[in-house]
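> Those protein sequence lines, which keep their order, are chains B and U. According to my numbering, the first sequence is numbered sequentially starting from 1. According to my numbering, the second sequence is numbered sequentially starting from 1001.
Any given hint might turn out to be false.
Stated by the list, open to error - A partial selection of chain U residues facing chain B, derived with a Cβ cut-off under 10 Å:
hint : residue
1    : V1006
2    : K1070
3    : I1077
4    : A1085
5    : L1093
6    : G1094
7    : P1105
8    : M1124
9    : W1125
10   : T1133
11   : L1135
The set of hints was computed from the structure by calculation and includes no laboratory data. This structure is a prediction, so every number in the text was calculated from the model and none was measured. C-beta atoms are modelled at their ideal positions from N, C-alpha and C, and glycine is treated no differently.
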Amino acid sequence: MNIIDISPMSLAMGYILLLVPSGFMLWYRVPLIGRTAISIFRMTVQLLFVGFYLQFIFHLDNPFINIAWVLLMLAVADLSIIKGIGVRKGRFMMPLLLSLFSGTAIPLLVFLWLMLQMPGVMDAQYVIPVSGMILGNCLRTDIIGLRSFYGSLRKTEREYLNRLAQGATMEEALKPYKQEAFENALSPFIASMATYGLVTLPGMMTGVILGGVDPFIAVKYQIAIMIAIFSGTAITVFSAIWLTSRKSFDLYGMLDREIFVQ
Amino acid sequence: MKYDTVPDIEMNSLFLSFGSKKVLDNFSLRVYPGMKVLIRGRSGAGKTSLFNCLLGFVRPQRGEIFIKGKKLSPSSIWEIRQKLAFVAQEPDLGTGKVREVIERPFSYKANRYLSGNLGKLQEMWDLFLLDTTLLEKDIRSLSGGEKQRAAIVLALLLDRPVLLLDEASSALDRDSKQAVSDYLRKCEDRTILAISHDEEWASCCDSKIDLLEGKAVSGK
């Protein structure tokens, strides 16, 4: 690949560019200087750490280590969702892990097996970045979907009870909340997908082009990954709501408020 | 009244508390088919909790509930709810146009066989002095009294043998209250358990129960 490497010195020079937003913030006294500094520091350290770690993993390219890495990412995403929606770990950990696993594994295997037709499925160079991209989006979508589902249910619980009193089954009474949750969770990605190529050049495609690959190949990769991400997020959010709702209601159809941290 | 038959509602020695607050204390009641029972009591006396127990929304710590002879349990509650129609003081009927809100429960599997009753909607609407144009309006734009009457119409169209009315006419004007109570008085086969402070109700009920701190202190 004919990519130009960035030396540590050159990368450090890039930070000079940060003087511009910092200058604006100081001039207008925007109270974001501290947070910006912390964020930039964290972003740098975390990415450097991941860079070193991935270099090591790519060097080993052991399928078991690759699987372990993906499982670690799934576990971290699981805990982030639990924290993001404010529920107790006990009952949500396994259903969410299962939903994240299916939402990541199914599109990943389709992407690698059917689209790329790779002989070795667990090749670190493909598995780790692609699963990371899918999982990152699944995490975001899951938080939006689950927050919407449980948030609306708590806010309009009397409406839900009224449906039960009218003879609805739990599935019938929960249907509007599920519809709303799926809509809220999937809409942002659907909207951004429609602008790709016109308004934005997505990150993966940009990376592949910078790597010296023909733009048309990059576009094909981007299309494949967009389909994989969208399918993965949909699988995750549908299964997360389905699996967690089985654990969140008692046999009378009442929402168990003990599932929430507050 | 059919006192020789199985009661529509039977509550035996119910005890319910939230923390240290006793809500129902050894409360028992039998309501036979066709009876109209009025429950009165101060706010916090346990009236609404009683309905919540009947609907399986709250479970008493002690005691048993039978609806039409069937013991309330996790397996029977789904069938029991199909015997009851509940109208709340501030009905939360969902969102959308009034007509959609009224038609929605008839799309539930348990109520599909009743969808023919929607043919009586206009007649009931007129009977309860509701303006026909309201049917095409957003449910949120209705006044409290209009919502209450819409909820009562819906409960009647669902044709349940037992009606649970929780201050269901509190926001109605005198004429509307009269129209509703006149209609319900004529429903001889329907069992009604009503929480109300309205005089119109008192006159059309066979029996009255005063609740004080979860206990029936008087009744006739």
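> Each hint should be assessed against the structure and marked as holding or not.
Right, here's what the structure says about each hint:
1. V1006: Since the shortest Cβ distance to chain B is 21 Å, the answer is violated.
2. K1070: 15 Å, violated
3. I1077: 5 Å, holds
4. A1085: 8 Å, holds
5. L1093: 7 Å, holds
6. G1094: 6 Å, holds
7. P1105: 4 Å, holds
8. M1124: With Cβ-Cβ at 16 Å, over 10 Å, it is violated.
9. W1125: Where the cut-off is 10 Å and the nearest Cβ of chain B is about 18 Å from U/W1125, the hint is violated.
10. T1133: 24 Å, violated
11. L1135: 18 Å, violated
Checked against the numbered hints above, the structure violates hints 1, 2, 8, 9, 10 and 11; every other hint is satisfied.
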